[in-house]
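Chain U: place on chain V using the hints.
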Amino acid sequence: MAYCPKCGIEVEGDNRPCPLCNFHIPKVNESEEAVEKKFPKAANPYPVHLRRVLNRIFVFVSLLVFVSVSLMFYIDYELNEASTWSRYSNISVMAGWGVLYFSFGYVQSYYKVIIGIGLIALALLFGLDMFSGSLDWFVPLAFPIVVGTTAIAVSYWSLIRALSVRGFNVVGFFFIAVVILSMWINFFINSYQAETDLINWIIDTALQLLPVILIMIYVKYLMPERIKQKISRKFHL
Amino acid sequence: MRDDDLWYRLDNAGKLYSSLISSRATTLFRVSVTLDKPIERGLLQAALEATLERFPFYKVQLKQGFFWYYFEGTDQTPLVEEEMYYPCMSLSIKRRGSFPYRVLYFKNRIALEVSHSITDGTGALKFLEELVVQYLHLKESVPIHSEKVSEEQLQKETENAFRRYYEKSIPAPKSRVGKSFKLPIQLDKKGHYHIVTGILNVDTLKKKAKEYNVSITIFLTAIYIESLIKIQEQTVRRKQPIVINVPVNMRSYFESETMRNFFVSITPSIDARLGEYEFEEIIAELKIEFSRLLAPKKLKQYIKRSVISEKSLALRLMPSPIKDIVAPSIYSFFGEGQYTSGLSNLGIIRMPSEVEKYIKRVECYPPPSIGNKVKALMLTYNDYVYISFGNLTKDRMLEREFFRRIRTLGIPVTIETNDEE
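Residue numbers (this note's numbering), protein chains in the order written: chain V, 1 to 237; chain U, 1001 to 1421.
Next comes chain V alone, as it looks inside the complex (with noise of 0.2 Å):
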């Protein structure tokens, strides 16, 4: 029989972690015959279950939206032997079938995930701008701010998961890229309505970043250590 020297508690297995604080218990027996198993190798039946209640929701989602997707082209064709209102709801569906498709996890990587939904937004906007007849807006502003925010998510992501130390840092970046993103969003709008003042847009965004910038600095070196402690222990991730 082997005891913790920590907690003076006897186990029957030795070298081996303690049980109650790990601190790891010294080899005390002569024989090496093995200390009898008292508990199976316990498997958990849970995700698994998890994942066929995910799969019956998301076959039946699919036939729903293949279903009507097929009435609404036939009403519309019966109604105006054209495709045409139907063209608009039909991708819209698509679409949202396509984000359920990269929600319900079947793509496990973040990435693929982050420019999977890109491009099921990129799809879209191309189709809703391709229907009215011409591309008007798809290509100076739909185009790019979603490959803008593909990217920032993109790099976001690659940022966080390089951080050693995440805590305020994955707030603190979250901040920046949406920042970044509303510079971003800003510039194509205002260039699109023709009125880009370069210095004035730039100008304006600093301003902006300004206090962000500060609230951080002063978060990471000058808050008190116990108000960091409850609010990293209230916003938790």
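Please note that a few of the clues may not be correct.
To be verified - Restricting the straight-line Cα-Cα distance to at most 27 Å, the calculated cross-link-like pairs of lysine-lysine (DSS-like) are:
1) K228(V) with K1239(U)
2) K1037(U) with K37(V)
3) K1208(U) with K1230(U)
4) K41(V) with K1189(U)
5) K230(V) with K1182(U)
6) K1139(U) with K37(V)
7) K27(V) with K37(V)
8) K1287(U) with K1206(U)
As the list claims (entries may be wrong) - What follows is a set of in silico ranges between Cβ atoms, one per label pair, in the way DEER data are often shown:
9) V171(V) with K1168(U): 55 to 65 Å
10) V212(V) with P1184(U): 26 to 36 Å
11) K1156(U) with V48(V): 39 to 49 Å
12) A1314(U) with S158(V): 48 to 58 Å
13) D1075(U) with V53(V): 22 to 32 Å
14) Q229(V) with R1316(U): 45 to 55 Å
15) A1314(U) with V53(V): 25 to 35 Å
16) L1187(U) with S70(V): 41 to 51 Å
17) K1360(U) with F104(V): 40 to 50 Å
18) W157(V) with P1184(U): 27 to 37 Å
19) Y1008(U) with W85(V): 58 to 68 Å
Honestly, the hints are just simulated from the structure, not real lab data. Don't be surprised by glycine CBs; every beta carbon is placed ideally from N, CA and C.
Frame of chain V; chain U shown alone:
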């Protein structure tokens, strides 16, 4: 009467538990015996069938009625299974065809995992005892006295004892409101449940308790509270009272042979805000608290409180799916939310003398609960006390503190766990 004509209402504790069931809080607790030889599946299955002949009211399945859940008789037979999941986990008793309990075996151990919606520890132990006797009858030819159980006896065993001792005129006890200390630990993954069992020699423990002139239950509850006070000091700044939920087996105070729930919870507490408590002070307070509450007159008040809730018309008229939605939050607000943890003693277990020599040990595990992520359940069999902690988290702070304290009192402890890599 045909089997599928049979149905019965849940008792008031069962009604509450059936609405609380979730993938984590399965309401399953375990009683198990370890024999001297490996278990044979076929014999165990036959023994289970024989046991169900004796207790036909356990051959039931939980069904959802419009207002309440109920148990319905069935022609199906539960099958014994080899243990493969975490204890007390991964059985959804609400699924069609599922029983409110399961019988498992692993090596030398027979385990019975029962949902609290059908019975409490005493009922489960009675069932397990019959199962083991039947098993050993088949395996070792232990004699059994098989006599036809009378309809009257069955009636007694299925009675709702809460209702029997309920008196309308008795006022319910004033419920204490307020917050209590909660262990600052995070839940582990769903489907995981960690058990730590401490095995203590009962004579050493008794001698030690005698020094303080108290029973083992009070002694261990005091150690439990002391450990929690220590953890509170180490982890949080603002102190709160330590409140322990101690279920009391009502059969020791009110005559009943029921095999359904018949217990109430008393909640001894130590208010850590009042200053530092010596171990002796905790014991003194608990001694008063236990002797004050554990009297039939006082306990009748608790029965009243148990029954009163299911009598309210608003609750009765609420459809059961809605009950399922509101029950967990109500329970965590008025029930478990008020306690720091639970410690329950099933008492001294005596097996019939003819089977005793085959039974190496008897153990019990508490049901997993989200409100009290760590709970303990203990019993005494032969020369040992088996205290099992059920823990839904990965942190062992309470177990560590508790058993270390027992060691410093000079009582040797052996620890076993289901967490072997």
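Hints, one by one, checked against the model:
For the hint pairing K228(V) with K1239(U), the CA-to-CA distance comes to about 20 Å; that is within 27 Å, so the pair holds. Among the hinted pairs, K1037(U) with K37(V) is consistent with the structure: their alpha-carbon atoms are about 15 Å apart, no more than 27 Å. For the hint pairing K1208(U) with K1230(U), the CA-to-CA distance comes to about 21 Å; that is within 27 Å, so the pair holds. Proximity of K41(V) to K1189(U) is assessed by CA-CA distance (about 16 Å); at most 27 Å being required, the pair is judged to hold.
Note on K230(V) and K1182(U): the hinted pairing holds, with a Cα-Cα distance of about 17 Å set against a maximum of 27 Å. About 24 Å separates the Cα atoms of K1139(U) and K37(V), which keeps this hinted pair within 27 Å; it holds. Of the supplied pair hints, the one linking K27(V) and K37(V) holds, its CA atoms being roughly 18 Å apart against a limit of 27 Å. Pair hint K1287(U) plus K1206(U) holds up; C-alpha atoms about 16 Å apart against a cutoff of 27 Å.
Between V171(V) and K1168(U) the C-beta distance comes to about 57 Å, which sits within the given range of 55 to 65 Å. Distance hint for V212(V) and P1184(U): a CB-CB separation of about 32 Å, consistent with the stated range 26 to 36 Å. Between K1156(U) and V48(V) the CB atoms are about 43 Å apart, so this pair conforms to the stated range of 39 to 49 Å. Against the hinted window of 48 to 58 Å, the Cβ-Cβ separation of A1314(U) and S158(V) comes to about 55 Å, which satisfies the hint.
Between D1075(U) and V53(V) the beta carbons are some 29 Å apart, a value that agrees with the proposed interval 22 to 32 Å. In this structure, Q229(V) and R1316(U) meet the distance hint of 45 to 55 Å, their C-beta atoms being roughly 47 Å apart. At about 33 Å, the CB distance of A1314(U) to V53(V) agrees with the hint of 25 to 35 Å. Distance hint check: the CB atoms of L1187(U) and S70(V) are about 44 Å apart, consistent with the given range 41 to 51 Å.
In this structure the supplied range 40 to 50 Å holds for K1360(U) paired with F104(V), their Cβ-Cβ distance being about 49 Å. Taking the beta carbon of each, W157(V) and P1184(U) are about 30 Å apart, inside 27 to 37 Å as hinted. Judged by the Cβ atoms, the range 58 to 68 Å given for Y1008(U) and W85(V) holds: they are separated by roughly 59 Å.
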